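A.B. asks: The residues making up each chain are set out below.
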Amino acid sequence: MNLMAIKVIYLNEMMRFWNTLFQSVASPVISTALYFVVFGSAIGSRIENIDGISYGLFIVPGLTMLSVLTQSISNASFGIFFPKFTGTIYELLSAPVSYYETLIGYVGAAATKSLILATIILATANLFVDLNIAHPIWMVSFLVLTCVAFSLFGFIIGLWADNFEKLQIIPLLIITPLVFLGGSFYSISMLPPVWQKVTLFNPVLYLVSGFRWSFFEISDVGVGVSLFMVLVFLSICIAIIAWMFKTGYKLKQ
Amino acid sequence: MKTIISIKNLSKVYDSGFNALKSINLDINTGEILGLLGPNGAGKTTLISTICGIVSPTSGEVTVDGFDIIKDFRKTRSIIGLVPQELTLGSFDTVWGTVRFSRGLFGAKRDDAYLEELLKDLSLFDKKDSEIRMLSGGMKRRVLIAKALSHNPKILFLDEPTAGVDVELRKDLWKIVNVLKSKGVTIILTTHYIEEAEELADRIGVISNGELLLVEKKVHLMETLGKKQLIVELKESLAKVPSSLDKHNIEISEDGMHISYTYIVKDEETDMSEVLQEITNSGLHIKDLKIVQSSLEDIFVDLVKEK
Numbered sequence: 001m002n003l004m005a006i007k008v009i010y011l012n013e014m015m016r017f018w019n020t021l022f023q024s025v026a027s028p029v030i031s032t033a034l035y036f037v038v039f040g041s042a043i044g045s046r047i048e049n050i051d052g053i054s055y056g057l058f059i060v061p062g063l064t065m066l067s068v069l070t071q072s073i074s075n076a077s078f079g080i081f082f083p084k085f086t087g088t089i090y091e092l093l094s095a096p097v098s099y100y101e102t103l104i105g106y107v108g109a110a111a112t113k114s115l116i117l118a119t120i121i122l123a124t125a126n127l128f129v130d131l132n133i134a135h136p137i138w139m140v141s142f143l144v145l146t147c148v149a150f151s152l153f154g155f156i157i158g159l160w161a162d163n164f165e166k167l168q169i170i171p172l173l174i175i176t177p178l179v180f181l182g183g184s185f186y187s188i189s190m191l192p193p194v195w196q197k198v199t200l201f202n203p204v205l206y207l208v209s210g211f212r213w214s215f216f217e218i219s220d221v222g223v224g225v226s227l228f229m230v231l232v233f234l235s236i237c238i239a240i241i242a243w244m245f246k247t248g249y250k251l252k253q
Numbered sequence: 254m255k256t257i258i259s260i261k262n263l264s265k266v267y268d269s270g271f272n273a274l275k276s277i278n279l280d281i282n283t284g285e286i287l288g289l290l291g292p293n294g295a296g297k298t299t300l301i302s303t304i305c306g307i308v309s310p311t312s313g314e315v316t317v318d319g320f321d322i323i324k325d326f327r328k329t330r331s332i333i334g335l336v337p338q339e340l341t342l343g344s345f346d347t348v349w350g351t352v353r354f355s356r357g358l359f360g361a362k363r364d365d366a367y368l369e370e371l372l373k374d375l376s377l378f379d380k381k382d383s384e385i386r387m388l389s390g391g392m393k394r395r396v397l398i399a400k401a402l403s404h405n406p407k408i409l410f411l412d413e414p415t416a417g418v419d420v421e422l423r424k425d426l427w428k429i430v431n432v433l434k435s436k437g438v439t440i441i442l443t444t445h446y447i448e449e450a451e452e453l454a455d456r457i458g459v460i461s462n463g464e465l466l467l468v469e470k471k472v473h474l475m476e477t478l479g480k481k482q483l484i485v486e487l488k489e490s491l492a493k494v495p496s497s498l499d500k501h502n503i504e505i506s507e508d509g510m511h512i513s514y515t516y517i518v519k520d521e522e523t524d525m526s527e528v529l530q531e532i533t534n535s536g537l538h539i540k541d542l543k544i545v546q547s548s549l550e551d552i553f554v555d556l557v558k559e560k
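Chains as they are written, first to last, in the numbering used here: chain L, 1 to 253; chain Y, 254 to 560.
Simulated from the structure, these hints should not be mistaken for laboratory data. Since this is a predicted model, take the numbers as computed values, not measurements. Backbone N, C-alpha and C fix where the C-beta goes; we use that ideal spot for every residue, glycine too. Among the clues, some could well be false.
Only pairs whose alpha carbons sit at most 27 Å apart, straight line, appear in this in silico DSS-like list of lysine-lysine [stated by the list, open to error]:
1) Y:K407 / L:K252
2) L:K250 / Y:K275
3) L:K252 / Y:K324
4) L:K246 / Y:K324
5) Y:K493 / L:K246
6) L:K7 / Y:K362
7) Y:K261 / L:K246
8) L:K252 / Y:K275
9) Y:K393 / L:K7
10) Y:K362 / L:K250
11) L:K252 / Y:K261
Heads up, incomplete: computed chain Y residues facing chain L, CB under 8 Å, no partners named [claimed, not checked]:
12) Y267
13) C305
14) I307
15) T311
16) F326
17) S331
18) G343
19) G357
20) K471
Chain L regions said to be covered by chain Y (calculated; three or more residues, Cβ under 8 Å) [as the list claims (entries may be wrong)]:
21) 5 to 15
22) 84 to 91
The following block holds chain Y by itself, in its conformation from the complex (with noise of 0.2 Å):
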């Protein structure tokens, strides 16, 4: 697949001395949706806010569709939307306003036909004479949306776009993500809510403390990485493991009810059949059995408390 964004070695110290961005080094790939995942401050927006242009980097280079990011700006930027974190819009101007100046922003010629359009995918159209200030937080969200796709961009940055919003909302924009996505467009989302990368990201990359600690296909992610947990309950209450299941850490509940055995799915050493085998050996009666697969967030808690 091709790259459309390519980073390289790029660093953020801001004035302050904080170092936000540590040698980051990241390819993206046209078409795909890229989860960034960080708790805050970890510098997913002073990522996404160099390449925007927004932030100067301290050194590194960014092109995105081949163009430097400084150099280039021009052809870069007019390529690229973004959705910003806070709900920065003109209390005073309309709907249909704001996300004209947008498009004559980014250099477009006017096209009512296409933000008409635009404005009815994101059930905007009957608030385009409605201004800002008269619409909920959720609609607010959708006019960023609006306005960062008013010029028809490849690339769409989206920074933390349901942080705050309601579950009904929140599905609403996935929804818009995935027709965007099939429409072609690169989609960069910053979220610190694991269920929205799990949903919706083709790739996930772990951001903390300014270091890119790994990109990986979501599906790749969970398999190598993910943990899954076999319980089982017993017929009669278990004071101690017992020895001959050492080997195989496994843990009991307080009660004594339960005993769960811990493993990693690809892991060449994991058998099953073993273990279960040793657990009738043991002479443990078995009441019913359960396996719980370990989340994205589990492996994302997992992965900082590691750094």
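In isolation and in its complexed conformation, chain L is listed as follows (with noise of 0.2 Å):
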């Protein structure tokens, strides 16, 4: 194993995060405390307290959920995309590197800025409400695990896609608004019954749901379920990004 070339790619992609760390850490700082002024405070005051939970503090999972995803297909999708529209994939493909070895240094990156970044937005949701944990380690592996599955879909769109636009299309398209519908803002029990079946179908449900229930122990679907589904999704990119690598696909003519 290449454990160097690992090291490199990490670094290197890490190394961009560094470079434009203003840009990184003030980002999220400022759309986090936007959401808590207008939610939190300004519609959330006007919201019924759900599950015994505090508007203002239920989001708070929902929130994280929402930039670390974006975040984690963002990162990953770009940092892979970046050496094939440069012409620098050349590099990568000569080295005595094997595919997985490449992935490990992206997605590996890419996973670390959206923990890194979820920490912050804790952090900064720390300053507004009083936030508890009650099961911290299954915070931490919901957390982990969804950085990880997502870098891994961010690294299939950044293989995928060959212009700008095809990398913002799904992101933009299906992502966003799978996160707003996934309850991330609210709780399925909210909506009508026939609204709360459909949700089901939308596999960022199963995320936000795992995730707040690590926070207050309330949650829209089982936590077993939520780590199952988690679990498939992370299968499903694992065994995507295997076949694009089996046959060069998008990378090698």
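Using the supplied hints, reconstruct the complex from the two chains, each of which is provided in its own coordinate frame.
C.D. replies: Here you go:
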């Protein structure tokens, strides 16, 4: 195994994060603060407690998931798309590096960035609400699994995309709506029965629900089901990447 | 001489159906400089890309230092360095950062002393902290070479290294190539600058339409296929070549002041004294003589035309 290659890919990707540290940190802090001002204080003050949790507190896991999902996809997709776009991918393809080592380097860095981001968001949220985590180990596990799964998904998008429009289209038109409609800012019990059933087809529901359970011990679906669904999504992403690597899809001619 | 790269029946058909390589067979020797000549789209870059692992072969076998490029890709790629045709570099990386990245990618342990030496050899050391986007095209080309040499490869592929660079840099790059050769690095150079292959290569391979037309020692190629032309300047203008000279296919210039005789150096039938004697016997008065040797470019053009 070429551990040195994994290390340099990982560090090179992390370097981009540190080089744009202000942008990387300021953006989530500001957007989290805005969400709290708008949803937590302005609108949230007029919303009843949900399962005994104040609305401001209730949205913390969903808000964290919203950023983690979009940033995991964005970081991983851009990470592998950029060398393809600039042509520097030649170096990866001609180096003694297996596809899986490349994957570990890129996805590892994207997931790390998302974890750092989640920590910043939770720290910011703690300034607005009194945050207590009921099951910290479950919380961290859900967070890590989600970061990795969606970084893998982002990697797939980055391999598939051959222009910037394609790179943006799935996060913009599919992921963001799914996150907003996946119970990030509400409990699905607040929806009419028909829409509750429809929402069950939204994979993001299971992530948010499981993550929220780790904070408040309340969830829309069972925590076991949430964990299972995260693992299913992770497995599907790994299977797709394995196929892409085996066929050299959009990588090798 | 030991073979370091062996290519057997290598073919590549792209998804579009374009047949880029047609059953290529080629052995490359340790320590030599092989110049691959060919027009645009001939298959030079596909051949290099296949050996380096960027393009998957459709059929055939390639071994590098005795190892298969697919089964033993780690062993083969770790001894290869590639300088691509395009200036493909991350604009915001520093010279030092990008060269160190390349070394790590090839699994080599950190060795700042070696990289410092390498940058000094390539006149890049004073630019080591500069961002790539701040460098000139020539400097970027040097950075690509530094990246390719960062892991101390035994084989270096230079894909059109001097395309679009000025004469001064071209000469500099030639010097670098010669220094690498003196250190025992095997170099495969694709170019469509005949002058470059003529200057650097030990052997010349000519590719056209995905076929390897020939591989010869440069000197041998020039000797066997190179033509010479005897140009005779006459004292008086001539309207027509005398019929006694017909068998030598002698041509006459438009002003009638020169006649020329084209011959192949190694041709057994060439007898210069006989030709000169017959020119004199035909009553022509010779003012001056000149012999012009065909260049590699002429040979290349003839070969491609023939095919």
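A.B. asks: Hints first: check each against the structure and report whether it holds.
C.D. replies: Now the hints, each set against the structure:
The straight-line distance between the Cα atoms of Y:K407 and L:K252 is roughly 25 Å, inside the 27 Å bound, and the hint therefore holds. With a C-alpha separation of about 24 Å, the suggested pair L:K250 and Y:K275 falls inside the 27 Å cut-off, and the hint holds. For the hint linking L:K252 to Y:K324, the alpha-carbon distance of about 16 Å falls within 27 Å, and the restraint holds. Proximity of L:K246 to Y:K324 is assessed by CA-CA distance (about 14 Å); at most 27 Å being required, the pair is judged to hold.
Simply put, Y:K493 and L:K246 have alpha-carbon atoms about 71 Å apart, too far for the 27 Å limit, and the pair is violated. Between L:K7 and Y:K362, the direct Cα distance comes to roughly 11 Å. Compliance with the 27 Å bound is thereby established for this hinted pair. Proposed proximity of Y:K261 and L:K246 is supported: the alpha carbons are some 24 Å apart, at most 27 Å. Simply put, L:K252 and Y:K275 have alpha-carbon atoms about 19 Å apart, close enough for the 27 Å limit, and the pair holds.
With a C-alpha separation of about 25 Å, the suggested pair Y:K393 and L:K7 falls inside the 27 Å cut-off, and the hint holds. Our distance criterion of 27 Å between C-alpha atoms is broken by Y:K362 and L:K250, whose separation comes to about 31 Å. The straight-line distance between the Cα atoms of L:K252 and Y:K261 is roughly 21 Å, inside the 27 Å bound, and the hint therefore holds. The interface hint given for Y:Y267 is met, as the beta carbon of that residue sits about 6 Å from the closest beta carbon of chain L, less than 8 Å.
Annotation: Y:C305 was flagged as interfacial toward chain L, and the flag holds, the nearest CB pair being 4 Å apart, inside 8 Å. Hint on Y:I307 holds. Least Cβ distance to chain L is approximately 5 Å, under the 8 Å limit. The interface hint given for Y:T311 is broken, as the beta carbon of that residue sits about 10 Å from the closest beta carbon of chain L, more than 8 Å. For Y:F326, the interface hint holds, since its Cβ comes within 8 Å of a Cβ in chain L; the closest pair sits about 7 Å apart.
Against a cut-off of 8 Å between C-beta atoms, the interface hint on Y:S331 holds, since the closest Cβ of chain L lies about 4 Å away. Because the beta carbon of Y:G343 sits about 6 Å from the nearest beta carbon in chain L, less than 8 Å, this interface hint is met. Hint on Y:G357 holds. Least Cβ distance to chain L is approximately 3 Å, under the 8 Å limit. Because the beta carbon of Y:K471 sits about 28 Å from the nearest beta carbon in chain L, more than 8 Å, this interface hint is broken.
With 6 residues carrying a beta carbon less than 8 Å from a beta carbon of chain Y, the region 5 to 15 of chain L meets the three-residue requirement, and the given coverage holds. With 5 residues having a beta carbon nearer than 8 Å to a beta carbon of chain Y, the region 84 to 91 of chain L meets the requirement of three or more and the stated coverage holds.
In terms of the numbered hints stated before, the structure departs from hints 5, 10, 15 and 20, listed from lowest to highest.
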